[in-house]
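There are 2 protein chains.
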Amino acid sequence: MKIGRLNHVGVAVPDIEAAKKTYAALYGATQATETKDFPHLGVRVAFVHLDNSEIELIEPCGEASPIHKFLERNPKGGQHHICFEVPDIIAARDAMRERGATVLGTGEPYIGAHCVPVIFVHPKDSHGQLIELMQEPAR
Amino acid sequence: MKIGRLNHVGVAVPDIEAAKKTYAALYGATQATETKDFPHLGVRVAFVHLDNSEIELIEPCGEASPIHKFLERNPKGGQHHICFEVPDIIAARDAMRERGATVLGTGEPYIGAHCVPVIFVHPKDSHGQLIELMQEPAR
Chain E
1 MKIGRLNHVG VAVPDIEAAK KTYAALYGAT QATETKDFPH LGVRVAFVHL DNSEIELIEP
61 CGEASPIHKF LERNPKGGQH HICFEVPDII AARDAMRERG ATVLGTGEPY IGAHCVPVIF
121 VHPKDSHGQL IELMQEPAR
Chain H
1 MKIGRLNHVG VAVPDIEAAK KTYAALYGAT QATETKDFPH LGVRVAFVHL DNSEIELIEP
61 CGEASPIHKF LERNPKGGQH HICFEVPDII AARDAMRERG ATVLGTGEPY IGAHCVPVIF
121 VHPKDSHGQL IELMQEPAR
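Residue numbers (the UniProt record's numbering), protein chains in the order written: chain E, 1 to 139; chain H, 1 to 139.
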């Protein structure tokens, strides 16, 4: 199992539309997707496009959102995770477990904001860094 | 002023060699640079290569390191900054100021770990996200 591209950097924000405006007005990054709600995941998400990767802006959605706790600790927002592409998400999940890492939740890959299956690996396994692994999207 | 590529994601760690081993053993990211000391910047740095970008591993070096405070708050380590390339670092610095953002330090670009001039923009200007702007390296 070997990771591929850095698909995106996940950044939690209290207000996704305000953050999109900042990336456009301050940094000239004007290419962003519409914001989409994922109520079953507890998040609203938009992607700011860069030449070689993307910033995933994440805002909590609903009471049970996994982002609430993060924003309590970081009220202005902040860096949340990095996401690597893998050719086979099941093989990647199995490799994580074989190598002693903790896959979050049930460990079953679920469909993320890119419409491909993803897993998250516990930050304790990567020196405090939360890491998402994503099945390579079709290009 | 418009940003270009996501040059790297900066990740602070207490032990850079241990982190390199983790990225290689757990994620198969075996291509990394030698670790270099930058005593005048208070950091030791190594880059883990990905297909389209890099992870910058950062460890404090010396008593006055800017990373100490971050690791006090995040003892295991964690995501520290993201770095965008810009075609002209002076124009980018001036644009940041014109647009009301705070450039850290003296505001004069200085030579970073990639041997090109960089600046940092205060997290308060980008919803809690520390952002580095780097003069595009020659390719």
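Hints may be right or wrong, so weigh each one.
Identical copies look the same in the list; a pair holds intra-copy or inter-copy alike.
Stated by the list, open to error - Straight-line alpha carbon distances no greater than 30 Å define the calculated DSBU-like cross-link-like pairs of lysine-lysine that follow:
| no. | residue 1 | residue 2 |
| --- | --- | --- |
| 1 | 76 | 2 |
| 2 | 76 | 21 |
| 3 | 21 | 2 |
| 4 | 124 | 76 |
| 5 | 21 | 124 |
Bear in mind the hints are in silico, worked out from the structure with no lab data behind them. For clarity, every value in this text was computed on a predicted model and none was experimentally measured.
Hints and how they fare:
| no. | hint | result |
| --- | --- | --- |
| 1 | 76 with 2 | between (34 Å within a copy, 24 Å between copies) |
| 2 | 76 with 21 | within (15 Å within a copy, 33 Å between copies) |
| 3 | 21 with 2 | between (36 Å within a copy, 14 Å between copies) |
| 4 | 124 with 76 | both (24 Å within a copy, 8 Å between copies) |
| 5 | 21 with 124 | between (33 Å within a copy, 14 Å between copies) |
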